[in-house]
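*Asks:* Taken in order, these protein sequences are the chains called X and Y.
So this note's numbering is basically just the index in the first sequence, starting at one, shifted up by 605.
So this note's numbering is basically just the index in the second sequence, starting at one, shifted up by 6.
Because the hints were derived from the structure by calculation, they are not lab data.
Keep in mind that the hints are not guaranteed to be accurate.
Derived DEER-like restraints, expressed as beta-carbon distance ranges [claimed, not checked]:
(1) G649/X to L21/Y: 41 to 51 Å
(2) N32/Y to V635/X: 22 to 32 Å
(3) G631/X to R75/Y: 17 to 27 Å
Reference listing, derived: stretches of chain X covered by chain Y, where coverage requires no fewer than 3 residues with Cβ under 8 Å from a Cβ of chain Y [to be verified]:
(4) 613–620
(5) 680–690
(6) 705–715
A virtual CB, placed ideally from N, CA and C, is assigned to each residue, including glycine.
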Amino acid sequence: MTRTILTVDDSTSMRQMVRATLQSAGYGVVEAADGQEALEFARGNAVDLVISDVNMPRMDGIRLVHELRSLPGYRLTPLLLLTTESSQEKKLEGKRAGATGWIVKPFNPTQLLATLTKLFNA
Amino acid sequence: MSRTPSIPLPQLLELSASQVEVALQNAGAQVERLANSVAAFAKLGAEMCAHPDAAVAAQGVRISAEAQRAMFAMQFHDLLSQRLQHVRDALGDMHDALGAPAAPSPSVLLAAIRGRYTMEDERRMFDILLGHLPGAPPANADTDHESLRGSVELF
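Generate coordinates for the entire structure from the input sequences, incorporating the hints supplied.
*Replies:* As structure tokens, this is what we get:
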């Protein structure tokens, strides 16, 4: 069965890069342009993993992780934050909100796919 | 005696912010097109990799590898865009401060500008040029942001 991944980023080109990487490995991809749009989608749909940017309008990625963890269907879903932020302070905020991992942009496509394989096989 | 005309600072700040905004929009539209093409190459490469003909599959591996390298490099546009957005917003803050009936204190203005930064090297440059703001968390001096790019940390 095809696994579906929700990608969240306000940058269209970043979403295109993530989608191309994921689709090349056979994943299904759903996109949202910010945390609010992602949360609205997640309230009615389940996905296998979420990859979200941190700094976005309307709702940022850390808030999104926090909100997703309160949804019954997302308590165990891997939630990855993909961001330009590399400060320990922000990382800790993400971890406390319930994120599964932190990836600093620019992502390496091969490494991203290896990370997903690791998470899905865990 | 002739007087030297004063520099129209608010208008110059507004102009500079507008120039940055136009550059961002123009570059964004082009990068979107380029990203579409790279994504199409990545898809083509993946399809060729699964081809029964070994020669075609080998070409597919090469195309996929090139597409991945292009995808990695293209993400620097996102970093550049963010940095330019912060410059644009800082120019806007300065413009608003100059036009405000009660100008905000310099520390409030500087804290607002620094608070928008999303990259450690932006904060570090700010601190080097303007000094560390009281109460602001220090930029992690022993963290090499370059080396963290692309890093993955699972919690």
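*Asks:* Could you run down the list of hints and mark each one as holding or not?
*Replies:* Outcome of the hint check:
no. : hint                        : in the structure
1   : G649/X to L21/Y: 41 to 51 Å : holds, 46 Å
2   : N32/Y to V635/X: 22 to 32 Å : holds, 29 Å
3   : G631/X to R75/Y: 17 to 27 Å : holds, 21 Å
4   : 613–620                     : holds (count 4)
5   : 680–690                     : holds (count 3)
6   : 705–715                     : holds (count 11)
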